[in-house]
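On the provided structure of chain D, position chains P, E and L as indicated by the hints.
Protein chains in written order, with this note's numbering: chain D, 1118 to 1516; chain P, 1118 to 1516; chain E, 1118 to 1516; chain L, 1118 to 1516.
I should point out that these hints are in silico values taken from the structure, not numbers from a laboratory. Keep in mind that the hints are not guaranteed to be accurate.
Which copy is meant is left open, because identical chains are indistinguishable; a pair holds if it fits in one copy or across any two.
[Claimed, not checked] Keeping only pairs whose Cα atoms sit at most 25 Å apart, straight-line, the calculated PhoX-like set for lysine-lysine is:
(1) Lys1376 to Lys1165
(2) Lys1158 to Lys1352
(3) Lys1165 to Lys1199
(4) Lys1119 to Lys1158
Given the structure is predicted, the values throughout are model-derived calculations rather than measurements.
4 protein chains.
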Amino acid sequence: MKTGINHLFIPGPTNVPERVRQAMNVPMQDMRAPDFGDLTKPLFAGLKNILRTETGTVFMFPGSGTGAWEAAITNTLNPGDKVLMSRFGQFSHLWHEMAERLGLDVHVIDVEWGRGVPVEDYAAVLAADGAHAIKAVFATHNETATGVSSDIEGVRKALDFSGHPAMLFVDGVSAVGSIDFRMDDWGVDLIVTGSQKGLMLPAGLGVLGVSAKALEASKSARMRRAYFEFADMLKLNGDGYFPYTPPTQLFHGLRVSLKMILEEEGLDNVIARHARLAEGVRRGVAAWGLKICAQPGFESDTVTTIMVPEGVDAVKVIRTGYDAYNTSFGSGLARLAGKAFRIGHLGDLNEGMCLTALSVAGMALRDNGAMIDTGAGVAAASEYYREARAGAAAKMAAE
Amino acid sequence: MKTGINHLFIPGPTNVPERVRQAMNVPMQDMRAPDFGDLTKPLFAGLKNILRTETGTVFMFPGSGTGAWEAAITNTLNPGDKVLMSRFGQFSHLWHEMAERLGLDVHVIDVEWGRGVPVEDYAAVLAADGAHAIKAVFATHNETATGVSSDIEGVRKALDFSGHPAMLFVDGVSAVGSIDFRMDDWGVDLIVTGSQKGLMLPAGLGVLGVSAKALEASKSARMRRAYFEFADMLKLNGDGYFPYTPPTQLFHGLRVSLKMILEEEGLDNVIARHARLAEGVRRGVAAWGLKICAQPGFESDTVTTIMVPEGVDAVKVIRTGYDAYNTSFGSGLARLAGKAFRIGHLGDLNEGMCLTALSVAGMALRDNGAMIDTGAGVAAASEYYREARAGAAAKMAAE
Amino acid sequence: MKTGINHLFIPGPTNVPERVRQAMNVPMQDMRAPDFGDLTKPLFAGLKNILRTETGTVFMFPGSGTGAWEAAITNTLNPGDKVLMSRFGQFSHLWHEMAERLGLDVHVIDVEWGRGVPVEDYAAVLAADGAHAIKAVFATHNETATGVSSDIEGVRKALDFSGHPAMLFVDGVSAVGSIDFRMDDWGVDLIVTGSQKGLMLPAGLGVLGVSAKALEASKSARMRRAYFEFADMLKLNGDGYFPYTPPTQLFHGLRVSLKMILEEEGLDNVIARHARLAEGVRRGVAAWGLKICAQPGFESDTVTTIMVPEGVDAVKVIRTGYDAYNTSFGSGLARLAGKAFRIGHLGDLNEGMCLTALSVAGMALRDNGAMIDTGAGVAAASEYYREARAGAAAKMAAE
Amino acid sequence: MKTGINHLFIPGPTNVPERVRQAMNVPMQDMRAPDFGDLTKPLFAGLKNILRTETGTVFMFPGSGTGAWEAAITNTLNPGDKVLMSRFGQFSHLWHEMAERLGLDVHVIDVEWGRGVPVEDYAAVLAADGAHAIKAVFATHNETATGVSSDIEGVRKALDFSGHPAMLFVDGVSAVGSIDFRMDDWGVDLIVTGSQKGLMLPAGLGVLGVSAKALEASKSARMRRAYFEFADMLKLNGDGYFPYTPPTQLFHGLRVSLKMILEEEGLDNVIARHARLAEGVRRGVAAWGLKICAQPGFESDTVTTIMVPEGVDAVKVIRTGYDAYNTSFGSGLARLAGKAFRIGHLGDLNEGMCLTALSVAGMALRDNGAMIDTGAGVAAASEYYREARAGAAAKMAAE
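If we strip away everything but chain D, and leave its shape as in the complex, we get (with noise of 0.2 Å):
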């Protein structure tokens, strides 16, 4: 018998916020009413400004993430087009795999897991293609398996170096709206993400964001499309209608979110916020002895990898978490399979959240034999907590 919160420390879906909650529970209605565009309209607007466009065009799948992969390759990419892709964890290897089913030929560098998009061999392979067969570029922002986060200006910058013409494409699905991401300035062409990571709400919805050299693109691409059909958004979503029916509750929810990210907080807030929280997750954990599987440089501000000591196994750390304390965490994926085990840390969250996950954590890793000092975590995490919130409070009254 479990009582309590279940504490969710997956790296989504994440916690929804009560008044998202709230919001999405409604009854059914008209997507068709004349004023249905009153609520779906907005919501576009407000996308833009999360992923920081505003010269690209949105687009609202009901689906998931992996929909929204889909929807990016089939209406901007023909059969047998080269494309530049890399792997380093479970996610990126999903795409990697998606893009060879769907027929692209694809050009995979494979990296150290704990790493992220190799820019300097991303800029080398652009130098070399001469002809410009690569037709787009693929970059995992965030991810989600090992903890990783990858330089997207970078790889803007290798295009621009070598002037390759070819699109930017950025899994963006543990990243947008709590990493930073500047869809126009480092020129992405095709952005995607879900419902459920940053965007604090339950999964449903596959987000895009194109910008106007992809959405050109889309016009000529041949590959067969039905479902995903940008045109067919396009012909409706500027009135606010859409080709089939939406999930409505979700935009209830959506429209909530955004408020509270883009008005309430601030964009440049939560992304602060997620990077204080997860420094002072990462400091728990160090504190503790143990490694995390991003290396330097590379670590993420939404999930911590982090790898269990030899002789521990981490999937039975993260059962003793879910049995015994009532609180999830994320699984090693693949080859991290009981090696490692994941907190989420990103959507809405606080302090004593993270405090909460670290504590959690420890329990069970001691439970399964791993001799740490799960005092020392929560020590280090909470004195990080209290000087980053003074230094906040000073740097406010300077100003």
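What follows is chains P, E and L alone, placed relative to chain D:
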């Protein structure tokens, strides 16, 4: 300023029962938790009961019914495959359009709007196809635009009569769970529906029932697909998991709606109720002196498409209902625009709600110049409901 | 097995608007938090606007309207005090009974059920009370049992005419927020209501408006009281706090319902809507050929008490509505039991809902032997609603 | 801008479980419907189980626990009756104050804060009251202000020892459903609680358990009462009805919380869990080097009152928790103001939540100058939780 209930009489999304709404209002949870299958596995079993199949396999894709259509086609057919379709309303037209887009070679039969699948024409075409070039026969069980139901069992017989091995695909979006449908008895190979109709949920789940034959076909079908891949689902669904983040809150709702349909009211009773409520609406319309789009024998028990009198603008009727009386009716689609409006009467409904629909429609019609007797409409419907109830009570007493 | 909406036409608890329900679905919070007053203080201000008082003081007691009655009496009167009351329905009888229990010396005037406060009799009694022995005059604004409204302003005039200093106590439970009430203009000293009527909330808050004169009286009133002590509230309410744990979720709901009434629809429009919807119901009943309990000039705009024909059992009519048609009507109370049923039409309501009430009541009446023309009832009501809407539109255009 | 969960560690209202919240989110319904008793009658039965009484009668009054106190006194005692009380914290002081207001002749014993009911002093007073002038003995089971529990069984023994016939009144507001309480075994005549504590609901229901003896007393008790009259309830409760509109949504919530406590977790397990979680909190506080208010042997398992070090302002600690860390702690009340803060640990709680409380309290204490070792607190608590779990698992395996 609108007050009171928004009366919702569109043919989907339908009214979500309170208990289903309660059930969906949950915090997020880990879709990889060890006990996640306790939630999801019974849903597959329940949906099989709804579809009346023992041998079929059920899929739930995050998305709309349209997505489920795409899943059906791309998993089981090959580009250039010949298929037999008919169209007699907006949704059968859209289905045809999708088949074309996905590269099928479609033999389409156009049918007068108001009638359903042309069973005899199908029989003739199939009999003439001695080479069995036709790989699949498509039939729209309930055309939501015209309020027309088709004879699916008849299509099965036509196939059997000529010993044709083509698969039978059925669009059951506005039929499943509301109108009699028997997947196994009628030898249906692919049935498609969405969560937002008879299942009484918000939009967000595309549901498919797939026969063993169709599943076998999916192993060799070469149409490109990724998001909607059956095989990815099959690998995980058995244990209750999904290849990407599913909309968990809809699962919680579905658990309750399946319980309501299958255990509490009983599927046969649900179907009988739909027939009874629909008949009342039709009698009310007849008492107004108006025609419905469906020709005799084709009347749908889930939606009635009402032809407005000459000189009356159906668009204005709907608009008056919405603006003045806080009531949503379905609009006339495509060639019915302005000439018809629709009363959706499927899902969680009762007599009082149908009388509300007639009462408000009566006012809106009169407000826009229709010379109808509103009282007569309500009187005809309510007398029918009274008699039907008395008859049901007498029948129950006799048993 | 009941399906669809439970149509609720009792005179309280009334239908809670969706937005109010959403707002109440909150986690618990600390009622001593520093910002708790941000939630509660505007509620006192809003309720003053509802009561149309600037000089009065508002109290919210956790409890029902009955509790608020007790608060009114025990805080301002002394045991043995002489008061003037009248009774003409179940609720005015109960109020009288409470006054007796609490030890008041009640001069009660019995009035024929169907009429309201006997203003002329009151005037006579007051004029005859030259010694001013009467400390308070009680008037039921809207008798919920009979569907009768009283002339509160008339009672004020009777007091003024004889220069009598007695306090004026008003039971506004089923009137406040729905029927015109003016605390300051009419010199009301104590007005009592509950959350579950015109305020469109669940039961749980007893609300009082107290004049400066009555507040002064409370300082010396010696009736024993503890839970309902004004002074305890006064000490804390100014900062938004309460002497014991208040039902916070109702405060969140009240914030929204006040916004809907005062800011969005406007109190005058709310009152006009109640008058319009009530008139339609009355016309429908008249078209059936049935009588209402209220005599001309006393009709209530929040509840209509309908006399069933000789030989028809009103208890069965109500039971049929509930069992067969999932509809709740109010029952005939005390001497009206079996002879009448009630349609509550206050709170969050619209035309369609009133027509539902008439449609279902028509069926239930016929099911129980009443020879009425159901269609005529709906027709009369709906024609009135159409005209009223046209009239309102024309008026708005002319302005 | 606050983000994430508002961590709620006040001793009431307590955290409402999600399922209870879901259950309360219902539309209004008729409290006079024929099947209303199906909802309410099991609640009376369930509450009897919670109170561990077979012979007692349960009342539910719309209101707070304070109202239930008043109901207890006014229904069973007469003005001027002599009663024995003791006070040792804010709530026992308030109870005494109410007894005085209601005209009782109170023999009150002041006890050092940190200790509970002075059983030996009670015994002496009762033994000396040979004339049996004392009509009732009052005992606060759990003093919410000081975090102190009393020996109710001891009070019973004191009464029995001297063969004193006085009734035994118990304030169980922050004890019932969380700390062992046995109405029948301990011969308690009146037990009072509120919905917002161990019952895990919002405030709004005052609950009483009344022995046959106290019920008999109520028949002749002459204290004036109206709203809180037992007899009015008794007339209707048997069929599940109420004399005035009850808060139906709380009944729906109570149905679920009773099921959780009695059927799912089991009352004994709930009580054991409270003991376990409380012990962890106390060990954490001890590891900080701080004292709690309760003296050894009097520690409460529902709330811990923590004395802050000299020079630290407890008000600021609480304020920091609220403002900086979105966490609510209870404040020090009356003479403890500024010197103590409280961690409420009753209701729907688990280990992770208690560790959150300690983690955040640790930060807030340090932020305000307390030189404590936050890590040590979490470590001590978490080690205790780990051991307790291992012990429980071993015990279960041995059985």
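Comparing the hints with the structure gives:
1. With identical chains, the CA atoms of Lys1376 and Lys1165 are at most 25 Å apart within one copy only, with a shortest distance of 13 Å there and 31 Å across copies.
2. Within a single copy, Lys1158 and Lys1352 get their C-alpha atoms as close as 14 Å, which meets the 25 Å cut-off; across copies the closest is 39 Å, which misses it.
3. For the identical chains of this complex, Lys1165 and Lys1199 are neighbours neither inside a copy (29 Å) nor across copies (43 Å), given an alpha-carbon limit of 25 Å.
4. Only between protomers do Lys1119 and Lys1158 lie at most 25 Å apart by alpha-carbon distance; the minimum there is 21 Å, versus 42 Å within a single protomer.
When held up to the earlier numbered hints, the structure conflicts with hint 3 and nothing else.
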